[in-house]
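Engineer: Each chain, written out:
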Amino acid sequence: MTGFQEYFGETHNMVRQTAKKFVEREILPFVDEWEEQGGFPRDLYKKAGDAGILGIGYPEAYGGSGGDIFVKIACSEELMRCGSAGVAAGLGSLDISIPPILALGTEDQKQKFVPPVLKGDKISALGVTEPNAGSDVANIRTKAVRSDGHYLVNGSKMFITSGARANQLSCAVRTGGEGHQGISFLVIESDTPGYSVSEKLKKMGWWASDTAQIFFDDCKVPVANLLGREGQGFYGIMQNFQSERLQLSVMANMTARMALEESMKYAREREAFGKTLTGFQVTRHKLVDMATLVEASHEFVYRVAAKIDAGMDQVKEISMAKNFACEVSDKVTYDAVQIHGGFGYMREYLVERLYRDNRILSIGGGTQEIMKEIISKFILT
Amino acid sequence: MNIIVCLKQVPDTETQIKVASDSKSIVTDDVKWVMNPYDEFGVEEALRLKEKFGGEVTVVGLGPKRVTESIRTALAMGADKGILISDDALEGSDSLAVAKALAAAIKELEYDLIFTGQRGVDDDLGIVGAACAELLGIPQMSIIVKVEVAEDGKTVKVTRPVEGENLVIESSLPALITTQKGLNEPRYASLPGIMKAKKKPLEEKTLSDLGLDAAGFGEGGRKMKIVELTPPPARAAGKIVEGETPQEKAAELAKLLHDEAKVI
Ligand SMILES: Cc1cc2nc3c(=O)[nH]c(=O)nc-3n(C[C@H](O)[C@H](O)[C@H](O)COP(=O)(O)OP(=O)(O)OC[C@H]3O[C@@H](n4cnc5c(N)ncnc54)[C@H](O)[C@@H]3O)c2cc1C
Ligand SMILES: Cc1cc2nc3c(=O)[nH]c(=O)nc-3n(C[C@H](O)[C@H](O)[C@H](O)COP(=O)(O)OP(=O)(O)OC[C@H]3O[C@@H](n4cnc5c(N)ncnc54)[C@H](O)[C@@H]3O)c2cc1C
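These protein sequences, in sequence, are chains S and P. Sequential numbering from 1 applies to the first sequence in the numbering used here. Sequential numbering from 382 applies to the second sequence in the numbering used here.
Any given hint might turn out to be false.
Simulated restraints on C-beta separations [what the hints assert, rightly or not]:
no., chain 1, residue 1, chain 2, residue 2, range
1, S, S196, P, L634, 56 to 64 Å
2, S, N13, P, E437, 25 to 33 Å
3, P, G619, S, F343, 15 to 23 Å
4, S, E6, P, G534, 41 to 49 Å
5, P, L638, S, E33, 26 to 34 Å
6, P, L637, S, Q338, 38 to 46 Å
7, P, P520, S, N13, 36 to 44 Å
8, S, F343, P, L634, 51 to 59 Å
9, S, E60, P, G534, 32 to 40 Å
10, P, K538, S, S196, 50 to 58 Å
Keep in mind the hints are simulated off the structure, nothing from the lab. On a predicted model such as this, the values are computed, not experimentally measured, just so you know. Where a beta carbon is used, it is the ideal one built from N, C-alpha and C, also for glycine.
Kindly generate the complete structure, drawing on both the sequences and the hints.
Structural biologist: Shown next, in the form of structure tokens:
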């Protein structure tokens with residue numbers, strides 16, 4: 001077929017195949033157990049590192065595998081196919097914590113902190129949110145005071161994905177005065193004296209991902225772990241936004257797609273009043289609406305991704321795409337449970353998990369309201 | 382040590398197979414094509430032997446253009462070069478014709494070992510490996526789960542599971558081995574491997590390139606004809622074994638297994 005440009009070509013299909021095989025072999029046989037246990041084994045990072053999956057999208061100079069944005073998307077889509085966004089989020093915590101290092105770090109810092117994570121030997125997390133500052137990032141209070149070649153860090157970080165067992169935290173701290181100019185980024189290693197971690201936080205969804213609070217009590221971090229200059233932290237946080245929002249959009253799209261697929265399968269088999277659910281026009285139309293939204297959201301996100309890949313600034317568009325994808329997955333997962341009736345409320349059915357896992361997507365990586373604040377600045381000023 | 386791996390592309394095992402209106406073929410529109418899983422074992426084993434003994438791994442595939450993607454996957458795993466036998470006249474060929482074309486392509490190469498899958502997961506025939514070995518006049522060892530090549534690279538010792546026991550066979554080289562599940566755990570094609578694979582040689586050959594007459598191939602050349610394809614019967618409803626006591630239930634179950642299921 002010619003006349004239009006596909007986003008995915010042979011390379012992408014081959015990567016997709018690799019990720020799919022990885023999911024079938026290493027995740028699917030165990031995923032229900034991991035969900036109930038509330039975690040997956042640490043060696044999954046190593047396996048994903050060995051398969052080259054963690055390195056996708058990162059420079060080969062730091063142990064990455066390279067690849068354009070659609071290679072990353074193909075891989076993320078297949079990882080989501082394991083049916084546990086928690087596993088995907090846990091494996092993916094490096095995707096929010098490594099970019100600030102690459103954006104701000106020196107060559108030495110990159111060589112020290114990136115390759116072990118892409119290999120799966122170490123786990124990396126991002127620490128921005130605090131108990132009293134989430135959306136209002138510029139208001140973080142974790143303080144880092146410089147003395148004798150160290151920063152003494154005091155404070156805490158909240159809701160940290162992979163926080164319970166991360167080896168290193170790309171962490172936003174306050175080194176200066178009020179506001180975003182006073183924020184800096186430190187890489188804090190978990191074996192630093194004064195670093196401690198809460199129990200895993202109990203969550204609505206993402207059960208297989210460990211989320212924790214991290215405490216710093218006179219935590220002594222070498223000055224060599226400062227990324228960029230003091231005061232550049234906010235820039236490091238911003239660096240992440242486009243790619244994090246894209247990742248979350250892809251997660252939302254896959255959540256919706258799987259919910260749709262499960263619903264179609266179920267509606268074809270389940271009988272009520274002497275026919276299958278697809279025998280009711282109201283169900284057929286519901287499925288059509290779901291399919292239409294899923295299709296539109298995929299196309300929107302791919303289009304924005306293509307522009308990001310071409311180097312275009314897409315802050316407004318990716319914020320729109322994230323909100324759109326999340327609203328679609330809110331609706332589609334709701335309807336999917338509805339179509340499943342009482343069974344949709346049961347853990348044996350995938351839609352039950354998709355419904356719970358979905359809820360975080362319009363909160364993490366910038367809430368729906370914050371997205372709207374960003375978009376309104378673009379279109380109204 | 383030079384090793385050849387024969388590769389077939391088959392529908393992904395997740396694909397919903399639908400019988401076409403002619404009742405003799407399947408609908409291929411929505412099919413996702415992948416490397417035959419048994420061939421993946423062959424690629425992996427070949428790569429391990431190459432890592433130990435050196436030499437080259439050549440992948441030989443047969444089929445339409447889309448098979449290139451599976452050959453590239455094998456190259457991405459680490460194979461050195463690929464050959465695709467592709468010719469419109471091959472469309473509809475049976476296993477013997479396929480083996481004939483593969484053997485013709487392989488004859489032109491230097492090799493110590495050939496791997497094929499013990500069967501393709503699509504037709505489940507298991508003919509190509511044996512026929513290929515016969516046409517090349519080399520020994521064939523089928524359904525193998527362990528391969529040990531002697532240090533001097535001149536002989537091979539293989540293991541085939543038979544009824545819970547192991548049959549160990551030794552052969553001179555060159556020889557052909559058909560792979561069975563359990564032989565190894567195939568490596569993943571990583572992205573850097575995929576990028577490198579783009580630059581590896583992949584040659585395309587027609588029947589005439591191989592000095593073969595198209596007449597013996599395709600539908601017309603079939604020695605084996607498909608009469609009809611039918612989907613497996615829909616699964617019947619299960620049966621709940623009735624009985625007052627466990628003893629009664631067990632007796633009833635044994636009776637059903639004997640009289641109805643006829644398995645004991
Ligand atoms: C499972 C999970 C994993 C997470 N992982 C990480 C992680 O790895 N690293 C990390 O740093 N953080 C992480 N977070 C934190 C996440 O980024 C924050 O929860 C998110 O940014 C929202 O912040 P908050 O929870 O403090 O909510 P708040 O900021 O308190 O917001 C509460 C409500 O007020 C609304 N609101 C706030 N400001 C405005 C405004 N100006 N206008 C209109 N409405 C407004 C919000 O939209 C929201 O609806 C995670 C959270 C969860 C639940
Ligand atoms: C936590 C929980 C507690 C429960 N407790 C009890 C209990 O104590 N006692 C008890 O008896 N039951 C109980 N139930 C069962 C509950 O009442 C049923 O789940 C409910 O009636 C729906 O039936 P169903 O699950 O078989 O879904 P289905 O009837 O199979 O419906 C599946 C989907 O098809 C739709 N549908 C069905 N027919 C039509 C139609 N004609 N036109 C359009 N759409 C249609 C439904 O609206 C739904 O969206 C409970 C269920 C749950 C989850």
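Engineer: Each of the hints needs a verdict: does it hold here or not?
Structural biologist: Here is how each hint holds up against the structure:
1. S/S196 with P/L634: 56 to 64 Å: holds, 58 Å
2. S/N13 with P/E437: 25 to 33 Å: For P/E437 against S/N13, whose Cβ atoms are near 26 Å apart, the range 25 to 33 Å holds.
3. P/G619 with S/F343: 15 to 23 Å: 19 Å Cβ-Cβ, so the 15 to 23 Å window holds.
4. S/E6 with P/G534: 41 to 49 Å: holds, 45 Å
5. P/L638 with S/E33: 26 to 34 Å: holds, 32 Å
6. P/L637 with S/Q338: 38 to 46 Å: Holds, since P/L637 and S/Q338 (Cβ atoms, about 40 Å apart) stay within the stated range.
7. P/P520 with S/N13: 36 to 44 Å: Taking Cβ atoms as reference, P/P520 and S/N13 lie about 38 Å apart, which means the hint holds.
8. S/F343 with P/L634: 51 to 59 Å: Given about 29 Å between the Cβ atoms, the range is violated.
9. S/E60 with P/G534: 32 to 40 Å: holds, 34 Å
10. P/K538 with S/S196: 50 to 58 Å: holds, 56 Å
Hint 8 from the list above is the single one not met by this structure.
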